[in-house]
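Go ahead and model the full structure; you've got the sequences and the hints to work with.
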Amino acid sequence: MLFDNIAAAFHELFVVETIFLMMVGVVAGLIAGGVPGFTIAMAVVLTLPFTFGMDAVQGLAVMMGVFVGGLSGGLMSGILTGIPGTPSSVATTFDGFPMARAGRPGFALGLGVWSSFFGGIISAVLLVTLAPQLARIGLEFQQWDYFSLVLFALTITASLSGENLVKGLIAGGLGLLVATVGEDEINGVARFHFGNEALKQGFGFLPVLIGLFAFSQLLSDLQDRVKARQSLAEGGGVAVKIEHRKAAVAVLRRWANLLRSSLIGVFTGILPAAGSSISNILAYDQAKKASKEPEKFGTGYEDGIIAPESANNATAGGALITMMALGIPGDIVTAVMLGALLIHDVIPSPTFITETPVLAYSLFLAFFVANFMMLALQSYTLRLFVLVTRVRMYILASIILAYCAIGVFALSNIAFDIWTLFWFGILGYLMRIFGFPLAPMILGVVLGRIAEQWLARSLARSEDLGYFFTSPWSLFFLILAAFSIFFSKYQADRGRKSWTLVYPAVFMISLSLPAFMMGGPVRIGLGILLIAMGIRSLYKHHRNGWKIDPTKSDAPQLREG
Amino acid sequence: MSRLNRDVYIAIVLLLPCGVFFAATFNIREIDYGILTPSAWPRIILVALSILSLVYLVQSLRREAPEETVEPFSLKGTIAKYRNPLWCYGLFLLFLLTLDYLGMLIGGVLFVFCLLTAIGGVSKRNLIVHALIAIIMVGAMWALFTYALGVIFPQGEIITNL
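Order-wise, the sequence lines are chains A and B. The opening position of the first sequence corresponds to residue 8 in our numbering, with each subsequent residue numbered one higher. The opening position of the second sequence corresponds to residue 773 in our numbering, with each subsequent residue numbered one higher.
These aren't lab readings, by the way, just hints derived from the structure by calculation. Note that the Cβ used here is the ideal one computed from N, Cα and C, for glycine as well.
Lysine to any residue pairs mimicking SDA-like chemistry, simulated, CA-CA at most 25 Å apart:
#1 B:Lys896 / A:Arg399
#2 B:Lys853 / A:Arg399
#3 A:Lys207 / B:Ala795
Here's a subset of chain B near chain A, in silico, CB distances under 10 Å, partners left out:
#4 Arg778
#5 Asp779
#6 Ile782
#7 Phe793
#8 Ser825
#9 Gln831
#10 Asn856
#11 Tyr861
#12 Leu865
#13 Phe883
Structure representation (structure tokens):
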């Protein structure tokens, strides 16, 4: 069955046109990822209008190419100029730039490229093996469980994506509200149109997304009048020859670091909302802690490049696991991918892989192939990247703004979509200025209608709201949602306030309850283990006299940059 | 010390649309079937959003105003600070308002040319470079979408009347 699906996907994906478009996507992603100020999410969002006329497999394969390319592109500017192209490559600059300045830029780039490649391949293997298993668990979900899962995705995103949890939750709420404008999908009744005919159809998902994210990002990039007139990477990088063979051997020799960092990347990606901007720093930190030569980190050390680059590419696979198995986006990029699937009338859920195996396995395969393309194209793209970095910021931003208008119009051929882009561009920019995170709002827009549908289905089955607490999976997600609300506070207070000592224990003991309710030897065993771990944690703190360890507050913060 | 900081104003501004939208939920047509009526879900969201905005307001009121917000507001300073974004929004709005008249191609070229010149500065060389960039880049995108993807853009009255 698995091989049949892979064969069918192979047949679907390996069409000359699709492969060519994917290569264009990888190059575009590499360039966009390499340019400081442009994020991967922005590149993927701007690719969407082009893919609208394509079929689902082709369109998503191209976006996958941009995604993988973008994750690897950031290392070029990070290593050559010291400015990370994307937040996913922040930690790469710590050792990549010193190594390049020490006269080994080709080797540094090689380490980055090969670590990205191996990280991507490890996560691709895990994606193919884990996503169907997770989807199988997801088949147990009932209406209440789905609604609670969406609620959890929103709260964890709000919790992780900003300094202020309330602002994150407000942003998520605004996203949900935006999704209610227009015709309600359950009853077909128009809402919040205020007499405007165009509003009766609601806001197009993509104009909202491009406005909120890309438009506002461009304006933020242009705000500084001096920087706006500078080249993208002032001083610029110079094209160098990547030392592939030497770098590949060096990466494989450090296989333990590669594997650990890739796994950190995958599991960070699986967690809704925690993207590659977090995983690269976590992996760097863990590599430094595990190293026999931690003092060499920051001076141009090989492990300091391998860890973040393998982790950030592996995060993509993790985020795709959650999106494809449960229909919940792992980060903004997968939220856009989810939106693209919805445009093609495909609704990711636990039945997605079993009901549309060709599309699902085509995506798996596209992710796998995109990593090979990235490896092959990086050397050539480097020259193009050097050319692009000579362009002044305001020139690139002005052209992309015009492209936003053209691309958005092309989606449905209506000028109202450009107005939507404009208004949400202003809203997104104001949100950035006032410190409201955009990720929860985007997730709210994407998940709003899905949440309403599951709530309606839950209530159609039974009006008893108690099912949300008696259904084991629903209770599981509600507990996760409740604890995720306090997670940012826990991070801020850890090592400073005593309540943080009991937080992990209470969390584990609470989670054991739905595990017991689910039944079966494995889950009951897991429940017992969780209780035992919780009690052990409490006992440890009791023996220490509930002393607070201030060193804990120095641990890396799990928060979107 | 002033207790009114920027966040207080934002929280109040957030509460206003909550009220407007909540009132608008009473204009949503009700139906006789189904458990979840069309107005129920928006109301749930609006109640949650209002509570969160109130929490945000209380948080902001408890916090002391940071030093910079005590400085007197200067319209000139704000305009100078946000000069480039204001140019972008202003010109984009103009582009939208004239779309029916100028069309996507001419409007797009003019938008990019004006924006480049507004941000990049006016000089003889800049004007030529900006004009070339605007014509080539917007023209190429327009041609790609029109001929390769089959998108029909608004032509504008100018071209239609030619």
